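Asker: Could you put the whole structure together from the sequences, leaning on the hints where they help?
The numbering of the sequence shown is the working numbering, which starts it at 730 and goes up by one.
Some hints could be false.
Unchecked claim - Distance windows between CB atoms, simulated:
{"no.": "1", "residue 1": "Glu756", "residue 2": "Gly792", "range": "23 to 31 Å"}
{"no.": "2", "residue 1": "His793", "residue 2": "Gln770", "range": "15 to 23 Å"}
{"no.": "3", "residue 1": "Ser790", "residue 2": "Glu756", "range": "12 to 20 Å"}
{"no.": "4", "residue 1": "Gly792", "residue 2": "Val768", "range": "16 to 24 Å"}
{"no.": "5", "residue 1": "Glu756", "residue 2": "Ser791", "range": "17 to 25 Å"}
{"no.": "6", "residue 1": "Glu756", "residue 2": "Ser811", "range": "18 to 26 Å"}
{"no.": "7", "residue 1": "Ser761", "residue 2": "Val784", "range": "26 to 34 Å"}
{"no.": "8", "residue 1": "Gly792", "residue 2": "Asp764", "range": "12 to 20 Å"}
{"no.": "9", "residue 1": "Leu803", "residue 2": "Val768", "range": "26 to 34 Å"}
{"no.": "10", "residue 1": "Ser759", "residue 2": "Gln805", "range": "18 to 26 Å"}
{"no.": "11", "residue 1": "Ser813", "residue 2": "Gln770", "range": "27 to 35 Å"}
{"no.": "12", "residue 1": "Ser811", "residue 2": "Tyr773", "range": "15 to 23 Å"}
{"no.": "13", "residue 1": "Ala799", "residue 2": "Thr765", "range": "15 to 23 Å"}
By construction, these hints were calculated from the structure, which means they are not laboratory data.
Since the structure is predicted, the reported quantities are computational estimates derived from the model, not experimental observations.
Note that the Cβ used here is the ideal one computed from N, Cα and C, for glycine as well.
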Amino acid sequence: MLFLKKEEYEALHGGDTSKKLDDAEQEYVSYSPNDTYSVGQLLYHPVWDDRGEVVKKEVTSSGHHSIIVAFHRLGQRTLIESLSA
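Answerer: Shown next as structure tokens:
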């Protein structure tokens, strides 16, 4: 289970602390390039040890699916999703 500091939670939710932190912790899913994500979904990247929110979905010029994630420390990053084996 991941733990958020109050400031991190408020930064992700625009200062809205009406939701309990325990509920927010359960919303984070660990990133895997094989999974599919939705805009607004909260991700944890285990290699980078950073949390963020999916802000956009795209299809690359090569036809792969990608997501744009706004990470707390790293800023926006593009990640692959729905990668077939």
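Asker: So, for every hint listed, does it hold in this structure?
Answerer: Here is how each hint holds up against the structure:
no.: 1; hint: Glu756 with Gly792: 23 to 31 Å; in the structure: 30 Å, holds
no.: 2; hint: His793 with Gln770: 15 to 23 Å; in the structure: 18 Å, holds
no.: 3; hint: Ser790 with Glu756: 12 to 20 Å; in the structure: 32 Å, violated
no.: 4; hint: Gly792 with Val768: 16 to 24 Å; in the structure: 20 Å, holds
no.: 5; hint: Glu756 with Ser791: 17 to 25 Å; in the structure: 31 Å, violated
no.: 6; hint: Glu756 with Ser811: 18 to 26 Å; in the structure: 21 Å, holds
no.: 7; hint: Ser761 with Val784: 26 to 34 Å; in the structure: 19 Å, violated
no.: 8; hint: Gly792 with Asp764: 12 to 20 Å; in the structure: 18 Å, holds
no.: 9; hint: Leu803 with Val768: 26 to 34 Å; in the structure: 19 Å, violated
no.: 10; hint: Ser759 with Gln805: 18 to 26 Å; in the structure: 19 Å, holds
no.: 11; hint: Ser813 with Gln770: 27 to 35 Å; in the structure: 20 Å, violated
no.: 12; hint: Ser811 with Tyr773: 15 to 23 Å; in the structure: 19 Å, holds
no.: 13; hint: Ala799 with Thr765: 15 to 23 Å; in the structure: 18 Å, holds
When each numbered hint is compared with the structure, violations occur for hints 3, 5, 7, 9, 11.
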